[in-house]
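Protein chains: 2
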Amino acid sequence: MKLKIEKGELQKKVALASSAISQKVSMPILTKMVIVAENDEISLHGTDLSMGVVASVDGEVLEGGRIAVESKVFTDVVKKMPEGTLTVKTDEDGNVVVSNGKVRLKLSCADAENYPYMEFHDMETVALVKECELKNALKSVLFSLATDASDKKMTGAHLVIQDKDLTLTCLDGHRIAIFKLAMEQPVAQMIDCIVPGLFLGKLQSMLSTKEEPVAISIGNTHIQFKINGAVFTSRLIEGSYYNVGQMIAVDAKIRMRINKTDFLDAVDRASLFVNEGDNKPVILDITDTLRISIKAACGQMEEVVDAEKEGDEKPLRIGFNPRFILESVGKIDDEDISIEVSGPKTPCVIRGEEYLYLVLPVNIH
Amino acid sequence: MKLKIEKGELQKKVALASSAISQKVSMPILTKMVIVAENDEISLHGTDLSMGVVASVDGEVLEGGRIAVESKVFTDVVKKMPEGTLTVKTDEDGNVVVSNGKVRLKLSCADAENYPYMEFHDMETVALVKECELKNALKSVLFSLATDASDKKMTGAHLVIQDKDLTLTCLDGHRIAIFKLAMEQPVAQMIDCIVPGLFLGKLQSMLSTKEEPVAISIGNTHIQFKINGAVFTSRLIEGSYYNVGQMIAVDAKIRMRINKTDFLDAVDRASLFVNEGDNKPVILDITDTLRISIKAACGQMEEVVDAEKEGDEKPLRIGFNPRFILESVGKIDDEDISIEVSGPKTPCVIRGEEYLYLVLPVNIH
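Order-wise, the sequence lines are chains A and B.
According to my numbering, the residues represented by the first sequence are 721 to 1085, in order.
According to my numbering, the residues represented by the second sequence are 721 to 1085, in order.
None of these hints come from the bench; they were simulated from the model.
The reader is advised that the hints may include incorrect statements.
A pair holds if it fits inside one copy or across any two, identical chains being indistinguishable in the list.
Here are the computed lysine-lysine pairs in the DSSO-like style, where the Cα-Cα straight-line distance is at most 30 Å [stated by the list, open to error]:
1. Lys859 with Lys799
2. Lys727 with Lys1051
3. Lys724 with Lys980
4. Lys792 with Lys980
Generate the whole structure from the sequences, applying the supplied hints.
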């Protein structure tokens, strides 16, 4: 194998492929990245068996081939090479040599025959979304899923695409996050699947804030996201998702409009006194005003935040885990937010045009 | 106690005082910060018994007193208060209340009677240096001291002030770093002491890059640095320092001038292949050119760097721990550096007008 590639291009694509590679794996081949140079095309492959990335690389193929290199070392080598055109080639001793004439870095490479390539060439694009919008949608919901749950469905995000709407839902038993994204083109048929949260988290970090189109394809067992130069593939989680519609159909007794920053800052100050082992709730006292307070062993806080209130005039006291409020409201871009509550034991709903956050209250002792 | 202080001022001074406070201490009082309001002056005290900081705070004393608060919680509380004037006062239940009219944060406080105040009012200023220059001098040498050595002197920096020269020296058995700083005013008598590296590291991080004067005072057992609004005090390490003059009096056989960035980048690339358990040296082959290479289990690297050479014409091969080279040369601001070597077992010296770095070579197998 002998290739000529610009350093910047190679570094970018190595980062994409290595995002699917984990260093904590039982099979040694899985810590490796595969370089494929065939039919004048270069691609980099990484997988952890559950997800995979194939990144296309702009470059010149002087001699084709397939080799596997240690992903971590190769990433570092490429990063530390000087700018300019690099030659990547194999030598007779079973090494791959990265050089630019002056600098020569050599590392051992392995056979790529038995690599578990994750490629699906027969999947067809079913939906197109903008890269920046998909990134924002993922950011808005992924924090709400359970990273470690007995029910595997809770570790994934529910993806529904119907007409021109793409909806993502995550929940973890204490809260729900929903984000709706409008697409330019409607889809031919409805899509309903559960995508692993770990994969979506990596996809989110790899997406840019550009308006480039992302093509989504879905098969029976896998989903694919094609972005400029790279294909991200993941297994789907089996089963049908929870009936969230039922949970969020709350007819709220009280509605408040609050300045988002004032509310966030107040809850953030309350969270100062939340310690491990002393998980006191932040208390919202809703009368004509909104009073936010917390009483913990290490300190107390109270603060009144301006709020426009509608509905029931009876005073209401309700307690929350401040982290759930901070994580949800922190994702909202709007200047003001609308909070719906009904009683001390019914969920609080914060909803806008694109998002809906539901947080369960905690008992106040 | 009742005080009025601007949030920004309080936050800045709390950060200074808390820099001397460690959370890993056996005496509970040492995790606390003391607020002293006496004679219309406010100050914050922090100490770990070996070092101490007293920070003066601009503010209004409505009612004097002395109290001790948990440093970590108080720091967080001040940081999260809104901008503007804060009232800090004690209440009848033994709490300190931080408020701004709208927000009230309350935390328990303790008696400050038995606090081990570290104050020396009788020490006189012996030298004046600029804040930015002291910061730079500390940065240039502190990385070379031993953080954990059987000989306590190695964990400190040797401070010598004579005439208009302030010299700092650190060494750890493998290398030496020396930095010389010119002061505007000469000192009346020579100063020679060993200052704990841990203290100097904290001092370095608290110094700004301004040209404000820092006043240095030295007693028999302690040293003090007075900066605008704060006094940093530390115990001295007993004993007399190593005779470094003898070690650096090397008459080099070969002298090379190299572009600093080229040299650093090459050694940095070589360090890619240094793993724990496979601590291969980076090898310098000095002929008419300078060839930098490394051969490790996980890979190899070689590179030729342009160098102007003077002295012995016999080829020389010498090996180093790349980390020692990177850490030393990385601190140098000059565009070109001068490297002096004599043989494969004699130290390499890199010297400029202000700095001198000595690194011992390692055996090449």
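Hint-by-hint comparison with the structure:
1. Lys859 with Lys799: both (28 Å within a copy, 27 Å between copies)
2. Lys727 with Lys1051: between (36 Å within a copy, 27 Å between copies)
3. Lys724 with Lys980: between (52 Å within a copy, 29 Å between copies)
4. Lys792 with Lys980: between (42 Å within a copy, 27 Å between copies)
Of the numbered hints stated above, none is contradicted by the structure.
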